[in-house]
Structure formats: structure tokens, C-alpha cells
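Student: Residues per chain are reported as follows:
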Amino acid sequence: MDQAHAPMVLEERPLPVAARKPLLKRMWKERWLYVFLLPGLIYFIVYKYLPMWGIMMAFQRYMPHQGLLDSKWVGLRHFERFFSEPEFWQLLRNTLYIASLDLLIFFPLTIILALMLNEVRVELFKRTIQQLVYVPHFLSWVVVVGICYVLLTTEGGAINSMLQALGFEPIPFLMSEAWFRPMIIIQIIWKDVGWGTIIFLAALAGVNPQLYEAARMDGAGRWRLLWHITLPSIQSVIVVLLILRLGNFIDLGFEQIFLMLNAMNREVGEVFDTYVYRVGLLQGQFSYSAAVGLFKSAVGLVLVVIANTLAKKFGEEGVY
Amino acid sequence: MVKDRSFGSRLFDTINVSVLGLFGILTILPFIYVISSSFSSVPALWPKDFSLEAYIYIFSADTFTRSLLVSVYITVVGTLIQLCLTSLMAYAVSHKQLPGRQVVLLMVLFTMLFSGGMIPTYFVVKSTGLLDTLWALMIPNAISAFYLIILKNFFQAIPEELKESAKIDGSHEVGIFFRIVLPLSLPAMAAFGLFYAVGIWNQYFSAILYISDASKWPVQVILRQVVIMASGAIGDSTEVEQVVYYSNSIKMAVIVVSTVPILLVYPFLQKHFAKGVLLGSVKG
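Chains A and B, in that order, give the protein sequences. For the first sequence, the numbering used here begins at 1 and goes up steadily by one. For the second sequence, the numbering used here begins at 321 and goes up steadily by one.
Hints in this document: simulated from the structure, not taken from any laboratory. Where hints are given, some of them may not hold.
Okay, derived cross-link-like pairs now, DSS-like style, lysine-lysine, Cα gap no bigger than 25 Å in a straight line [stated by the list, open to error]:
(1) B:Lys416 to A:Lys25
(2) A:Lys29 to B:Lys483
(3) B:Lys536 to A:Lys25
(4) B:Lys446 to B:Lys536
(5) B:Lys487 to A:Lys29
(6) B:Lys446 to A:Lys72
(7) B:Lys416 to B:Lys368
Some residues of chain A that are not near chain B, with every Cβ distance over 12 Å (derived) [claimed, not checked]:
(8) Ala99
(9) Pro136
(10) Phe168
Quick caveat, the model's predicted, so the values are computed rather than measured. C-beta atoms are modelled at their ideal positions from N, C-alpha and C, and glycine is treated no differently.
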């Protein structure tokens with residue numbers, strides 16, 4: 001490592017006068033590359049970094065007509081307000097609840113589905129099922145939630161028609177608190193469980209077949225092969241994906257939840273981003289909602305950094 | 321592979337295949353229901369009376385045709401913009417000798433971890449004059465940091481000798497990019513183009529955030545109006561838009577129409593995504 005860095009250090013050592021010219025010269029030599037770079041760089045500065053600068057409105061009483069520089073500073077008042085509102089606990093509870101359902105139900109299901117697919121011996125059947133279960137991943141959330149609506153509505157939806165035909169009362173799934181979380185998790189499963197298997201299947205394909213041969217020679221049955229060879233060999237992938245998913249939980253499913261929310265289930269469904277949209281853009285409390293957004297982004301950043309550090313500890317590469 | 325022919329093993333296979341088959345059917349059942357209901361006056365798994373009425377209605381109603389045109393337009397133009405910006409920038413930062421490259425890469429990586437959030441971004445979009453224009457659906461998310469890094473790695477993997485030989489022939493960077501690098505990366509560009517296109521076609525929230533002029537709404541927003549907001553559950557009590565009620569077959573037909581383009585490109589997507597996901601796990 002030191003060796004590789006040595007020539008670079010030599011090159012970049014600041015030789016007072018001489019160093020500046022070579023840098024400019026080097027830059028001039030690459031002028032066309034800067035032309036290539038410029039549009040993208042402008043994009044990142046304007047649409048990614050200017051909003052970060054705009055975060056200062058979270059510490060102000062921001063008035064759009066006054067602008068960021070002339071609005072009144074209020075310190076941490078918006079944060080104090082947010083942490084003392086009952087909504088804070090509600091948002092936290094809802095986020096944690098949906099995230100735990102995701103981790104406890106969706107995540108294990110992707111592993112189980114991958115293992116099941118891996119055990120299929122008829123290649124054609126395996127590929128057909130794979131291609132079927134990948135499709136929903138590419139549908140928009142509006143389509144997924146839309147399909148859920150036409151299936152579950154009390155006005156001629158398939159499920160309620162069936163219930164009525166069997167002599168039951170129709171259930172107002174879409175307008176109920178109790179059904180909100182089950183619907184969210186079922187939609188996630190339908191949309192992404194197949195997609196989630198890809199990375200496990202890739203890991204499974206990399207398992208050395210000789211391990212299986214050797215174990216079979218020793219008389220191991222399929223369960224033992226699964227338990228002692230297959231699972232241990234994808235263990236690190238499972239751990240890393242689990243950690244990364246934990247690290248992202250605060251960003252969970254905003255587009256989906258936004259579509260599923262209504263006045264009847266807001267109590268159990270509202271999460272940070274939907275709250276920011278509602279109080280910020282619909283009610284015009286820009287500074288307060290920017291503060292809520294900043295809280296969310298900051299927690300997200302800390303979690304992702306922790307998750308990546310942990311993931312690297314387990315010997316795998318993180319997302320950055 | 322030595323086949324295990326024991327009873328237990330065969331029983332396992334049978335159960336395994338049945339459960340998987342059932343799951344596969346459950347996955348496509350909603351599609352079949354929606355498609356056949358769109359051709360039927362009563363929602364059903366098999367159309368009771370075949371009719372194209374819903375589709376005729378959709379394609380003759382201004383709201384729907386306009387939103388479809390908007391979606392097609394932003395998907396085509398937006399994908400081109402995204403591909404141009406991403407590939408040019410990725411090519412520039414794929415040069416290790418470029419002064420300032422590390423700073424730019426760090427800047428890009430940081431945006432994957434932290435963002436200004438919805439409200440500050442809204443004000444930037446507003447002050448750059450994109451509000452209520454179709455540009456708001458294409459520009460604010462023009463470059464995916466993730467795709468940029470993958471594409472950068474892809475460009476770095478192109479053998480240096482190929483570029484060197486072009487340099488000897490007297491081409492400068494622009495020439496090398498267009499004559500050597502781009503033709504070599506066409507499959508990769510096609511893959512990223514598809515993923516970008518699916519992303520734009522599927523987006524709805526940008527339109528809800530940035531576009532209040534209903535004549536500029538893409539089809540996903542119309543779909544939300546027709547199916548979700550009109551099903552009795554009005555998304556937000558504070559939203560004041562007029563909700564019009566549509567028949568079930570029209571709702572189903574709108575779902576079908578906004579899904580078909582995805583299904584059409586799916587075979588092509590499918591060729592690329594396994595590779596894409598694996599590439600994605602390559603560190604930047």
C-alpha cells in the first residue's frame with residue numbers, strides 16, 4: 001500500500017511555484033474531460049447540494065418571499081416542538097412497526113424462496129417461476145396499490161364479493177386501521193420477494209459442488225446438505241443484507257405508504273416522509289417540516305454508516 | 321449430480337414444486353383478474369361479456385390520452401437526458417489522472433447517504449423555474465449516483481490499450497469517447513437506459529409534488545386519481561381536487577394501459593438485471 005502511494009505523494013508535494021503550473025497544465029490537458037464533467041457536476045450541485053444548503057431553513061422561520069438569507073433564525077425551536085408533539089412518537093412507532101414486519105416476514109421469505117428455487121431440479125420450471133416472480137418488481141407502486149384497491153374495495157372488489165358469496169359481511173380493508181399493516185407487508189411481498197432472491201441465488205450458484213458431493217458420499221440427506229452446506233455458505237450474504245436493510249429502515253416504503261394512507265388509517269400509517277409532505281407542502285409549515293425531514297435524514301445517515309461499518313466487519317463490501 | 325431417489329426426497333420435491341407453482345400462480349393471478357375485468361362489464365377472472373368499451377373510453381377521453389402522451393414524452397426525453405449526463409460524467413471521472421476526480425466522486429457518494437430532503441428540494445426546483453413544467457419530472461433526478469458509479473467502473477474496465485491506440489491515431493478524448501468507448505458500452509448503455517426509462521415511467525410522486533396543472537400529469541397520477549382516490553378512500557382530506565368516479569372496467573383498463581409498456585420491455589430488462597444487481601455489489 002505504501003509503495004503504491006509513494007509516487008503519488010511525490011508528485012503532489014507542494015513545490016511552491018513549480019507545483020501550481022503543472023496542475024493547471026494537467027488540467028488544461030484534460031480540458032475536454034472537464035467539459036464532459038460539467039453538466040453532471042452542475043446537476044449535483046444544484047439539485048443535491050443546494051437543497052442541503054437549504055436545510056438551514058429548519059433553523060429559521062422561513063418565509064419564501066424573504067429567502068434563506070433574510071429569514072429570522074429561531075435556533076432549535078422546530079426540533080423542540082417536533083420532539084414534544086405526540087406525532088413524533090406516532091411516527092416513530094409506525095416506522096418501527098412496519099420496519100419490523102419487513103425484517104421479520106419479508107426478509108426471511110426472500111431467503112426461503114431462494115432456497116426453494118435452489119432445490120428445484122427441473123431447470124425449465126425453475127426459470128419459469130423466477131421470471132414470473134420478478135415481474136412485479138418493475139411495476140410502479142401506483143399500479144401495485146391500484147390492483148390492491150380493485151381487489152379489496154367494498155364496492156365490487158373480488159375479495160369482498162367472495163366473502164359476500166360465502167355469506168360473510170364485507171370487510172372495509174382499505175378504510176381500516178387493523179388491515180393497514182398486513183396490506184402493506186403483503187404488497188411488499190408480492191412486489192419484491194422474487195426480486196429479493198436474486199442476490200441469494202447468485203450466492204447459492206457460487207457454492208462449490210464438491211462440498212455437496214463429499215457430504216453425499218458421507219451419507220448426508222437433503223436436509224443435512226441444506227443445513228450444513230447451503231445455509232452456512234450464504235450466511236455472510238444474509239448477515240450483510242440484513243444489516244443493510246436495518247440501516248435503511250427509516251426510508252422504508254414512502255411511495256407505497258403515501259398511496260395507502262387515508263383519513264381512516266392515518267393513525268397507524270403515517271411515517272416521517274408522509275408527515276413532512278402533509279404539514280410542509282399541504283399546510284405550508286416549511287421550516288417545521290424541513291426540521292422533521294432533517295431529523296429523518298440525519299438518523300438515516302447515522303444508521304447507514306453504522307450498517308456499512310458492521311457489514312465490512314463481516315468481511316463483505318458495503319454499499320459505499 | 322447423483323440423484324437422491326429416497327421417498328423423503330421425492331416428497332420434498334413434490335411439495336417444493338407445488339408450493340413454488342402456487343406462489344407463481346398467486347403472483348400472476350391479480351394480473352389476470354385485472355386484464356380480464358378490463359374487458360368485462362363485471363369484474364371477474366374470466367370476462368363475462370367481452371367488450372372493448374373501457375379501452376374505447378380511455379383512448380377517446382382527453383385526460384387519459386394526454387397523460388399517456390406526457391408519460392411517453394418524459395420517458396423518452398428524460399431517459400436520453402439521463403443517459404447523456406450519466407455517461408459523460410462517468411467517462412470523465414473514470415480517468416484516474418483527472419485532477420479533482422476524488423472530490424467529485426466523494427460528492428457523488430455523499431448524496432447516496434444524505435439528502436436535503438423534500439422541502440428544501442422543492443424550493444430549489446421552484447427557484448430554478450421547473451415548477452409546473454415537465455422538466456420537473458426529468459431534471460431533479462437526472463443522475464442516479466448508483467448507476468453513475470457502476471458505469472464509471474465499467475468504463476475503467478475497458479482496456480487501456482484500446483484508448484491508447486486511438487490516441488496514437490491522433491484522436492483526443494471526445495473522439496475516443498464517441499468512437500471507441502461508446503460503441504463498446506452499447507449493451508451497458510441499453511441496460512441503464514431501460515432501467516432509467518422504467519424509473520421515469522413509474523414515478524408519480526414528483527408529479528404530485530411539482531405539478532399542479534392537471535394537463536401535465538403523467539399516467540401514473542391519473543391512475544392514482546381514478547383508482548385510488550375515487551375508491552371512497554380519498555388520499556388526503558386536504559387535497560381539494562374534484563374526484564370523478566369511474567366504472568370498474570375503466571379502472572382496470574387504466575391499470576392495464578399503464579402496465580403494458582413495462583411488460584413489453586420486461587424481456588429485455590430481464591436479460592440485464594441479474595448482471596446489473598451483481599454489478600451493483602461491486603464497490604465504487
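Student: Could you tell me which of the hints above the structure violates, numbers in ascending order?
Tutor: Violated hints (numbers, rising): 3, 7, 9; every other hint is consistent with the structure.
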